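As a plain string of letters, each chain reads:
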Amino acid sequence: MGSFIIINSRTSLKHLCPLLRRPPYHQHTLQNLNNHPYCTKRERRPSEHHATKHTERTSFPKSVFAAGNARRTAEILKKRSGSGQDQVNTGSQKVRTALIAEIPDRVLSTSEWRDLKSRISRPERFELRMIEGMLSADTDISIAKSLLNYVAAENKTLPYELLLKYLALCVSGGHHSEVSDVYDIMKSCYKTLDTGAYSLFVKGLSQTERWREALIILEDLKKVIAPSSRNYGDAVTGAVLHGDRETAWSLYGELMDQGLTPNQETWRCLFESGVSQRAHTDQLLAILNYMRENQIYPEEKLSRSIKAWFESLPDENWRGTFTSVDPRGVCQSCGTQLESIQLTDDEYVQLKHRVMEDVIEGQDVFNKTTPEELESFKSFVKKRPAFDVIIDGLNVANITPKCVKSETLLAVVSELQGLNILVLGRKHMQHPSRNWNRHDMNQIKQKAHCFFTENISEDDPFLLYAALHSGNHCNFVSRDLMRDHKACLPDSATRRLFFKWQRGHQLVLNNFIPGKKIRFQRTSVYDTVVQNSGRTWHVPYDENGGERSTYEVPQRWLCLCNDV
Amino acid sequence: MLLRVHTVSVMRRFLSPACTLVKYHAPNLFTSCSALTPSRSLSTGSVLRKDAPQQKPELDLDVWKSVMRSQVSQDDKQKEDREAETGGEEAAGGGSPVERSRTLVDMWRQAGKQVPDDVTEEQLETLAELTTKSSKRKYLRYLAIKEGHKKANREKKEKRKTERSVELVKEETGLEDAEEEGEGEPKLKNTFLMQFWTRSADRLLGWRAAQAMLYGQPLVYDMSYDQHMSRREMENTISQLMETEGWNRRSVDSFHLHFCNLQPDGAYQRELLRRYGQEAWDRLFVTATHQRHVDLFPREDLVYLTADSPNVLRTFDHTKVYIIGAMVDRSIQSGASLANAKRLKLSTARLPLDEYLHWEIGAKNLTLDQMIRILMTVKETGSWEKALEFVPKRKHDGFHHHRSKDTVERTEKNNQPSFKEGERNPIFLSKQRQKHTNRSDVASKQTVGLSENLSGQSRLRIALKSKLEEGRKVERKRNWWEED
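Heads up: the protein sequence lines correspond to chains A and B, in order. All residue numbers for the first sequence refer to this note's numbering, where the first residue is 238 and numbers rise by one. All residue numbers for the second sequence refer to this note's numbering, where the first residue is 24 and numbers rise by one.
The following block holds chain A by itself, in its conformation from the complex:
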């Protein structure tokens, strides 16, 4: 019953999405002119024939994997459901503004601070609350200083926490000389500092002349805890800022050795340092390859630095443009065909085994199925010829609540007729009921192969396995983003491989209106990843302000061309 509920909620969310997704897309109309749905009646793979037929539809929703889609959908859904969330936000906002309102807007003398404290209703932790408020309100540092003066006069000393907060204020405000003063004081007062203070000092001091001391602090930090990539990044920034490239690169190497993922800021810093000085070209290109291997997309800021670096290369004539890629996978700036999203045979075999071992079997076969069922499915798949398309029966049937479920499923199956279809479902679909018409189900069984799992088994993993087993030409129809199954895969490399395959082979049904022609969102034919073809580099990047979910890929590209 639990999974039953999940399905319902999932679909109820989903059937809203495409309805709502339309309006914001009008600006993309031009770009989508070339899009057309996955057309099934005429040929198997649309990708080979893209150039031939262009004119079927003008506005066509972007793929669910396009950046920013999830956020837009969420916003629209939130608007629909009312502003329950906002009330919570205003509550915490109120507390915050009240706190900030308490903070004086000018420098106070000791006695004035004393007055203020005596007037306030909650005198406990007064000083700390004050400085926290200053930190969040980004107040002028002199007010904080006057507060410290007051505390020092009252208590003859300053508590560590207060100093720490003051330090944070200095670092965030960029008061470098103040940071080094605080460093001297704290260093002499306390034998060891906490990790937060270390991090702040690394960040603060690396901006000053004393940046080498930041490296010493980093060493101290290592004794307590493994430094984060941000700590390393700050140190690298410090070294670059003061012209010591060797140190910067050795620190960067150390960061990579720790298995940490560098910050984009660090990379930007390194690329910018590369502009002015000709060295470390290989290392900078290695960063791009690292992005490719780990499927990291640079932010717009970093992509600008990369562009500037390429254009500054003296002996070569690189030209960078920010562009997009048309649906056939052709760069609209230089006309290069981008890498195909198809997996190699080896990758297919690897992915298939991983899905079988980690997604279906997992730690315990009984979690998602039973051994008998798995065996019968394996032999079922083996006996049939390779499928062309696999339908997630329950997911498709639940697309619209208005229709009888079996009717919806039958409509989709009929649309895909002519292909070798497999419909996956659960056994309860076979029992005739209001939602599952016996006649419809019989027709489905005539038009497609069917496999029904037990009601308490999961059907999605079987779908994935069957699709992978059938090979490259096989697509699957589902609205499920399969994230829970992706998460079962053990390492990030396999997960990326899975995602690549998914983007190329998942047919997402658009808004389904009974009686009308059924359309699928197009699958991507090119891989969205940093790529190099000798004389060109193509770097997909995240636009500013376009919040991308983890299961989405950027739509904007930086095209770098070397015109000799």
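Incorrect hints may have been included.
Said to hold, decoys possible - Heads up, simulated BS3-like pairs for lysine-lysine below, C-alpha to C-alpha not over 30 Å straight-line:
hint	chain 1	residue 1	chain 2	residue 2
1	A	K459	B	K416
2	A	K723	A	K615
3	A	K460	B	K161
4	A	K754	A	K684
5	A	K620	B	K368
6	A	K460	B	K169
7	B	K169	B	K418
8	B	K182	B	K193
9	B	K387	A	K639
10	B	K387	A	K316
11	A	K315	B	K193
12	B	K161	A	K316
13	A	K424	B	K182
14	B	K156	A	K460
15	B	K156	A	K723
16	A	K664	B	K387
17	B	K416	A	K428
18	B	K161	B	K136
19	B	K368	A	K664
20	A	K620	A	K664
21	A	K619	B	K418
22	A	K723	B	K161
23	A	K393	A	K428
24	B	K136	A	K723
25	A	K354	A	K315
26	B	K182	A	K315
27	B	K136	A	K428
28	A	K393	B	K161
29	B	K182	B	K169
30	B	K136	B	K156
31	A	K639	A	K682
Unchecked claim - Here are some, though not all, of the chain B residues that point toward chain A, as calculated from beta-carbon distances under 8 Å:
hint	residue
32	W87
33	K88
34	M91
35	Q94
36	T126
37	L127
38	M130
39	Q133
40	G135
Think of the hints as simulated: they come from the structure by calculation, not from any bench. Quantities reported herein were computed from a predicted structural model and do not represent experimental measurements. Backbone N, C-alpha and C define an ideal beta-carbon position, used for all residues, glycine too.
Got chain A sorted already, so can you dock chain B onto it with the hints?
Using the frame of chain A, we list chain B on its own:
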């Protein structure tokens, strides 16, 4: 201003640490002086930092620095003295991971992070084993919260103690006023009722538990989930099991608890022994065994209760042996217990939560102690409405009982006008069945299966039981009278 700075430094240089009082007040004094006298013509800019824009030149914003610095010079001397005594030890201990985590805890405490005041050696070792910063932070936060609860409890107890002692004193003085003979000892009330001591209650409950071990309906806890749980989850499981045992002991008609699949040196056993202590554990009226439940009971009697089951437990069957997975999953592990049931081909059931409660969002798993209270209540009263009172209110939006109650009453009155006493329970079952056929057709099949399984013998037993309960449950009795 320049002059002032000089004097401060001069004073610092020449004053001995003994007269710090004067020294500390010096800058302060000067500030107030300068605020009063408008005769300052010296530039302040040379003293103040460039990046601290100054609107009110009469305030020196860096006084705190000199205060701190002077404190250091004073501290240094003390420290040197101290280090002369303990210096060797600290240098030696500083390298070990435990020592390092101790300093980490100290520093985090100073930095105002949520950290416990006292950390044991054992906890430090666990802390040192954690690799990431956030895991360390979370662990310490957890310890801090636990410590806070403990402290609050202790304070509460002490407060109550003092209150009581004050009261006692008052009473005594009052008594002495009344009758001179009172010799300070707590007086026994002169009453015809026997004093009911705590130990008498314990004995009574002990007897009841012993009786349950002989005649009670078995309830199995499946202890085969050690692989699925983290250390903390295991601790929580055992806490909940202890509470379960407590509730069961106090119930009117206890279950015979079975802890099955309990491996002799497994995590469950270790934690149970740690919490109960060997002696209490040995005396506990619970059947703990390493055997599987399928080896102890006939397969067809076993029903695995799991939230993931497709079947709904409509009626509580007094002849079945219900199994509960002894697992706490803080991150929801759906299907873990269902997988176990599937493996052993046991029938499964879930509580009728959706049928009785408005509960749309959130995982429908319950804690072990909630589970036993629900089962106990439904066993005693047969009413899910009463039983599901023990589902935490925060999780759901109340019962949809108005509708169901009406329908039940109507069907009762229309279809079954009068009954003989012995048939009560089968009727009760059938009325449940009817109620649910109205609601959903899928699940009702299960109920039919359950009620048909009732053999004649069990029917008799239920009838006996209901007779016994009759005396206790006045409310229910009244309902029956009404029916008759």
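Verification of the supplied hints:
no.	hint	in the structure
1	K459(A) <-> K416(B)	violated (48 Å)
2	K723(A) <-> K615(A)	holds (21 Å)
3	K460(A) <-> K161(B)	holds (20 Å)
4	K754(A) <-> K684(A)	holds (18 Å)
5	K620(A) <-> K368(B)	holds (29 Å)
6	K460(A) <-> K169(B)	holds (28 Å)
7	K169(B) <-> K418(B)	holds (24 Å)
8	K182(B) <-> K193(B)	holds (17 Å)
9	K387(B) <-> K639(A)	holds (29 Å)
10	K387(B) <-> K316(A)	holds (28 Å)
11	K315(A) <-> K193(B)	violated (63 Å)
12	K161(B) <-> K316(A)	violated (35 Å)
13	K424(A) <-> K182(B)	violated (44 Å)
14	K156(B) <-> K460(A)	holds (13 Å)
15	K156(B) <-> K723(A)	holds (27 Å)
16	K664(A) <-> K387(B)	holds (24 Å)
17	K416(B) <-> K428(A)	violated (51 Å)
18	K161(B) <-> K136(B)	holds (11 Å)
19	K368(B) <-> K664(A)	holds (18 Å)
20	K620(A) <-> K664(A)	holds (21 Å)
21	K619(A) <-> K418(B)	violated (47 Å)
22	K723(A) <-> K161(B)	holds (27 Å)
23	K393(A) <-> K428(A)	holds (20 Å)
24	K136(B) <-> K723(A)	violated (36 Å)
25	K354(A) <-> K315(A)	violated (43 Å)
26	K182(B) <-> K315(A)	violated (50 Å)
27	K136(B) <-> K428(A)	holds (19 Å)
28	K393(A) <-> K161(B)	violated (34 Å)
29	K182(B) <-> K169(B)	holds (20 Å)
30	K136(B) <-> K156(B)	holds (13 Å)
31	K639(A) <-> K682(A)	holds (23 Å)
32	W87	holds (4 Å)
33	K88	holds (6 Å)
34	M91	holds (5 Å)
35	Q94	holds (6 Å)
36	T126	holds (5 Å)
37	L127	holds (6 Å)
38	M130	holds (4 Å)
39	Q133	holds (4 Å)
40	G135	holds (4 Å)
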